[in-house]
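Residue 0 is where the sequence shown starts when you use numbering that gives the first Met the number 0, and the numbers rise one by one after that.
Don't read these hints as lab results, they were simulated from the structure. Be aware that a few hints might be false.
[Stated by the list, open to error] Listed next, the in silico BS3-like pairs over lysine-lysine satisfying Cα-Cα at most 30 Å (straight line):
hint, residue 1, residue 2
1, Lys73, Lys111
2, Lys40, Lys73
3, Lys70, Lys111
4, Lys103, Lys73
5, Lys70, Lys40
6, Lys40, Lys68
7, Lys103, Lys70
8, Lys103, Lys68
9, Lys103, Lys40
As the structure is a computational prediction, the values presented were derived from the model and not from experiment.
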Amino acid sequence: MLGQLRHETVIDVPANVAWQLFGGLELGRIVGEQLPNLFEKIELVEGDGGEGTIFNLIFAPGLGFSNYKEKFTKIDNDNRIKEAETVEGGFLNIGFTLYRDRFKIIENGEDKCIVETTIEYEIMEEAAANASLVTLQPLIDIVQVASNYLLHNKNPK
Numbered sequence: 000m001l002g003q004l005r006h007e008t009v010i011d012v013p014a015n016v017a018w019q020l021f022g023g024l025e026l027g028r029i030v031g032e033q034l035p036n037l038f039e040k041i042e043l044v045e046g047d048g049g050e051g052t053i054f055n056l057i058f059a060p061g062l063g064f065s066n067y068k069e070k071f072t073k074i075d076n077d078n079r080i081k082e083a084e085t086v087e088g089g090f091l092n093i094g095f096t097l098y099r100d101r102f103k104i105i106e107n108g109e110d111k112c113i114v115e116t117t118i119e120y121e122i123m124e125e126a127a128a129n130a131s132l133v134t135l136q137p138l139i140d141i142v143q144v145a146s147n148y149l150l151h152n153k154n155p156k
């Protein structure tokens, strides 16, 4: 069984500025600091932020999953797309065979952009009821944290 969820958020910074944050490692640090109710810790396991980089996301207690590892599988600087797939734990432990997050930064005028967040997944038929656990809210929260950061820091790293 295949599934997909998508959401768009307009943020008040140029697309190239937003991509500087979303396309690199800094977003993980900021999210780890700004969303303690979601993440207890985000650890870099290997890599430099490019394709193949692996993170261990450790969730705050009581959120269902204790942790999972995700790997950057696509970073397209020209089209401003970053994809990460769960490679260990998390949704893979409850019948999902694929769980992919995507951030796409789309120009929307000179001083604004759209952050399109997408979750794509595949789940085994016998675990289909677990598809109801998939939610965009964590990605929406990440975009909000990034937007706030960008609006208050004129020169993101």
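Evaluation of the provided hints:
1. Between lysine 73 and lysine 111 the alpha-carbon distance is near 24 Å, which keeps this suggested pair within the 30 Å criterion.
2. In summary, the hint linking lysine 40 to lysine 73 is supported, as the alpha carbons are separated by about 23 Å, within the 30 Å threshold.
3. Of the supplied pair hints, the one linking lysine 70 and lysine 111 holds, its CA atoms being roughly 29 Å apart against a limit of 30 Å.
4. Note on lysine 103 and lysine 73: the hinted pairing holds, with a Cα-Cα distance of about 11 Å set against a maximum of 30 Å.
5. Restraint check for lysine 70 and lysine 40: the C-alpha separation of about 16 Å stays at or below 30 Å, so the hint holds.
6. Between lysine 40 and lysine 68 the CA atoms are separated by roughly 12 Å; this keeps the pair inside 30 Å, and the hint holds.
7. Between the alpha carbons of lysine 103 and lysine 70 the distance comes to roughly 17 Å, so the proposed pair stays at or under 30 Å and holds.
8. A C-alpha spacing of about 21 Å is found between lysine 103 and lysine 68, which places the hinted pair at or below 30 Å, so the restraint holds.
9. Distance check on the hinted pair: lysine 103 and lysine 40 sit about 24 Å apart at the alpha-carbon level, within 30 Å; holds.
When held up to the earlier numbered hints, the structure conflicts with none and fits them all.
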